[in-house]
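Given the coordinates of chain D, assemble chain H onto it according to the supplied hints.
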Amino acid sequence: DAMVIQNPRYQVTQFGKPVTLSCSQTLNHNVMYWYQQKSSQAPKLLFHYYDKDFNNEADTPDNFQSRRPNTSFCFLDIRSPGLGDAAMYLCATSRGDPTLVTLHFGNGTRLTVT
Amino acid sequence: AQTVTQSQPEMSVQEAETVTLSCTYDTSESDYYLFWYKQPPSRQMILVIRQEAYKQQNATENRFSVNFQKAAKSFSLKISDSQLGDAAMYFCAYNFGNEKLTFGTGTRLTIIP
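Protein chains in written order, with our numbering: chain D, 1 to 114; chain H, 115 to 227.
Bear in mind the hints are in silico, worked out from the structure with no lab data behind them. We put the CB at the ideal spot given by N, CA and C, even for glycine. Possibly wrong hints are sitting among the right ones.
Okay, derived cross-link-like pairs now, EDC-like style, lysine to aspartate or glutamate, Cα gap no bigger than 16 Å in a straight line [claimed, not checked]:
#, chain 1, residue 1, chain 2, residue 2
1, H, 214, D, 97
2, H, 214, D, 53
3, H, 214, D, 51
4, D, 44, H, 213
5, D, 52, H, 213
Just the calculated beta-carbon pair ranges, DEER-fashion [said to hold, decoys possible]:
#, chain 1, residue 1, chain 2, residue 2, range
6, H, 171, D, 114, 47 to 53 Å
7, H, 176, D, 51, 32 to 38 Å
8, H, 122, D, 61, 28 to 34 Å
9, D, 17, H, 130, 46 to 52 Å
10, H, 143, D, 27, 26 to 32 Å
11, D, 80, H, 125, 38 to 44 Å
Some residues of chain D that are not near chain H, with every Cβ distance over 10 Å (derived) [as the list claims (entries may be wrong)]:
#, residue
12, 7
13, 8
14, 13
15, 26
16, 60
17, 63
18, 72
19, 77
20, 83
21, 85
22, 112
23, 114
Isolated chain D (complex conformation) (with noise of 0.2 Å):
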């Protein structure tokens, strides 16, 4: 089945130490997202890729960094985590169409840090 995979599930990380988060997509979608969801809470969007064209939402931190090297993959990297980085990152994708915007999610992977 076509899908949108992140890796790892759960990751600990650090106070300051440089973590990264990935995903993959064999949906050949054209924009690939990461959004923040802290405890009940709604997604946030921190920036998404359309195609190769990089889209950084105003108020996402510096301290927050992506690449996409090719389609199917695209990592989150986190410079210099703080606590209040901690929470569920979510990777989805989406065909781009802007008349059918249905974003495919993957499981998520939470953040700890300690």
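Positioned in the frame of chain D, the structure of chain H alone reads:
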């Protein structure tokens, strides 16, 4: 800026009964799309139902249906014959023709056996 409001942080319903989850949104656009997503505990978020604003007919997917009131900017989700597997966080979301969604804060639905 577009906002999506879900005023019910938690809801519960008896198994086999019907429940309605509320969602309101604010937009100045006339053409847009509305969604309900379901996020079960420890599982991935999936699309439940989608509504195009230009369609007057309410969308239906099996036991899930919406009541779309464009003038009132209201988009509620009705779940009929509730099942244990319906227990989840439900997020209302809005899109106005680009590739980004705006999510509401979610409603946690509990199914009582």
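**OP:** Would you pick out the hints that fail for this structure and give their numbers low to high?
**Re:** none
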